[in-house]
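**Student:** Sequential numbering of the sequence shown, starting at 322, is according to the numbering used here.
Note that these hints are calculated values from the structure, not bench results.
Derived PhoX-like pairs: lysine-lysine, alpha-carbon spacing no greater than 20 Å straight-line:
hint, residue 1, residue 2
1, K1069, K1081
2, K680, K557
3, K982, K1017
4, K1084, K1060
5, K639, K649
6, K582, K1081
7, K1060, K1081
8, K547, K673
9, K983, K948
10, K639, K616
11, K547, K514
12, K1078, K1060
13, K547, K438
14, K649, K616
15, K948, K982
16, K680, K669
17, K1017, K983
18, K869, K912
19, K387, K649
20, K948, K812
21, K606, K712
22, K673, K438
23, K669, K438
24, K1014, K982
25, K1014, K983
26, K547, K669
27, K582, K680
28, K354, K712
29, K606, K649
30, K606, K387
31, K606, K616
32, K1078, K582
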Amino acid sequence: MLVQNRPDIPTQVSSSFLHVESYARGSNLIVSKPEGNSIYIGRCYEMSPLAGGGTEFAGLIQNIYKSAPDESVLQITLLSVPDHDVPYNLVRGKTHGNRLLQELVHRQAQLYHRAQKIGVLPNMPAINRKTVIMSLMTPANLVNDATLELSLAAQNEFLSGLRACGFVDAETRSPSEVLAIYRQFANMYDRRKELPLDELMELRHQAFGADEVFDFTPDDYAVFNKRLYCAAVVPKSLPERISHGLTNLLIGAPLNSGRTKDGGGVRVKTPFILNATVRVANQRKELDRIDRAIKSRSRADNKLPFSLGAENSAEILKDLQYLQDVCKDGSNKLTYASLTAFVFAEDKAELKQASSDFKTTMNNLDFDARDVTDTIGVRFVQVLPLNYSVKIAERVESEALVPASVAAKLMPIFGDYRGNASGSAERMGTVYLTRRGSAHYFDPFLTNTNKNGVLAAASGAGKSFALQHMVENELAAGTRVTVFDNGRSLKKFTEAAGGDFIEFSLDAARIPSLNPFTGLSEDDFMEQQPDITALILKMAYFKEPEDKGARIAVSEATKAAYGRARGKADINTVIDALTVIQENTDANTFKSEVQLAACNLIPRLRNFVDSSTRGGYFLGESNLAAKNPFTVFEMSGLDGDQHLKQCVLFFVMNTLLRQMKKYPGRKLKLMDEVKDLLEDDGAAAVMEAMYRKGRKDEASIWVITQSPRDLANNATGQVILSQSAWKLVMQQEPEEIDKIVAEGVMTKFAGDPFFNKLIKDVKSEKGVFSEILICGGSTYEVVRLYVDRFTAALFSTEGDERNAVFQLMRSGVSAVDAVNMVINDERGKRNKWLADIVEQLRAEKLSDVEIRRELEEILNG
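Turn these sequences into a full structure, and let the hints guide you.
**Tutor:** Encoded structure:
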């Protein structure tokens, strides 16, 4: 390792040195020796950042520091690096389907691979993974078995505390893994590299190779290995009030709009490190110093013969008294805290922008942020885990004296939720991106409750894209998918993916038979008889109450019909059975409710089956067989007869649920725009039965609507909401959001102020991305869906591209080739005028870096 230093900066010389020396096998305890004779024993941990909560963490820090000796050091670093694993995770387990499905999956993986560089995805940082690295080190007079045993007990207690307060995946890091972290800090765009250790050599000599060059000679940045630029930002002072969750705002805006303090602002697009280091102060020394300072400023005759400049004595006295009151009993110790942000880039312009973004964010949060000059090297070495030096910290003078409870709020422990499938071994679901560029893995089947969901999206929010993208990923993972469509939006995708597109209509020549009796064994009939009864009642009654006794009459008639004709019965056979009940009624002077209902049912059902557009659906032998792993039922052709549409929808849903038992594995059922179902007063019981059956057969049932409020105001919708573990909300109209919040429709998070703010902030940019607020049992996160040009052309449900692709497919061109032909034609036109623009800008003496930067400024608004 060659370190190029500034000889005129005394502290810079120290950056040439690492302090880690030896380790204890098995326990991962590491011994470090900073300059001088001091000895520290510590351990390093790594974990996923918290996506929320974290209030218990401050208590953990206070408890750990109660028994920790003075000069103990806790370092917490949030590391944001390119996530090289996202493309591989995306394709994992997605080996099913035809050529088109595989093309879509691999194109998405390629897009995510390219997007590990900034500028590939508009208004999005480079795809990154954030991880938290903590190290706790305590001073020791010497290293022996006794001190190692004490240190190990303290470290194990710390690890248990971390896991208890939310860091469930916290793990210790071995000495070789710690050195790999060192190397990653200096090579942020590369994968972390762990190398075997030489047991005869001190650790500090094994971190970096002889060919690595650290250049700290420039004033305002450093250069690692002649290709990676690094800059640093530090606060000269802290905000007057430090609140819980502050560092969640420091790492980038969780919202699209608003003040930085409210969650808006900018997002750092390059890799970065945000480090907080907290050192336990010498309690007696500092409390004595505070006491003397308070007495000095409190004396009535305190008139100095010189001026203290702009010192605000009243404010300083107030701060000193606060420190004394909070820390005097030892339960909340005094600490020295420092905060440092490092940004990295392979381009100086990108580095400057990233540094500016961090500084702007800090200042907007009331830090007094400054660019680091001259001491980047020493500060960089100080944040390496277990490599902290008290003497260097004192020379740099960047620490603030604060209670441990306050220092805990400065620790960068927050990030974005990575989704419920982030730890899955087999498949990782549909992969979205959070606003701050982290991958979010969503799999509706991974839940401890039901697997059902609701997707709500206003017109133009990108619902069709989101729906097709989910279907694509589930099909590629081997899930059987059935969709009830309402508007033919999935026709092109269904045909391209090799699915069956079954279209119901009022055209008598195209009517399929949905006879519920066809092929039923006696056991099948006994199980399905309640559903058949409900279907026949729907034929007889539409938006009106059933006659008393009608359900019993139809139930008896269906049993009689099956007993007479078995699996060849149909609705006419049921009418014949009702006629028998009617004939028996004529011989009786007293007519029961069931007999009267039977008399009334016969003309109702006769009127239904004699209709040229209705009757054919439920007569003859059923020919509905959804054997394809991907089947779409298009319902819009029945819009002219809502009564028939409700009956067909009811029958097909029940039929599919029965068929699910024949097929092992996961089944996804999606129902789009089912207003007819919601308006049916009797559908609540049917939906409950569907969800009950689906849970047993590994089915995930989804209802797609324009607003969650569509479901909250009727019995059927309330069943759907209560039985849905997942609520996905896309962009809504502002007035609709106000009603959702005011009415508490999303009951799980109705009292969460940030959630109410977040749901109003969900947006989509047509042709760029769509946002989805994914709500689970106890978590929520806004994610974005970006697709490449090929996928966008295939998913498009409007415009010339859709028609052009359809025409090519109908002429015999494969779906993949058809889409490529359409987008290549458009791409050629775009390439021509883009080339003309670039040529003109070069003629004006702009460099390619300057051209790229100007284009990014335009794209980012």
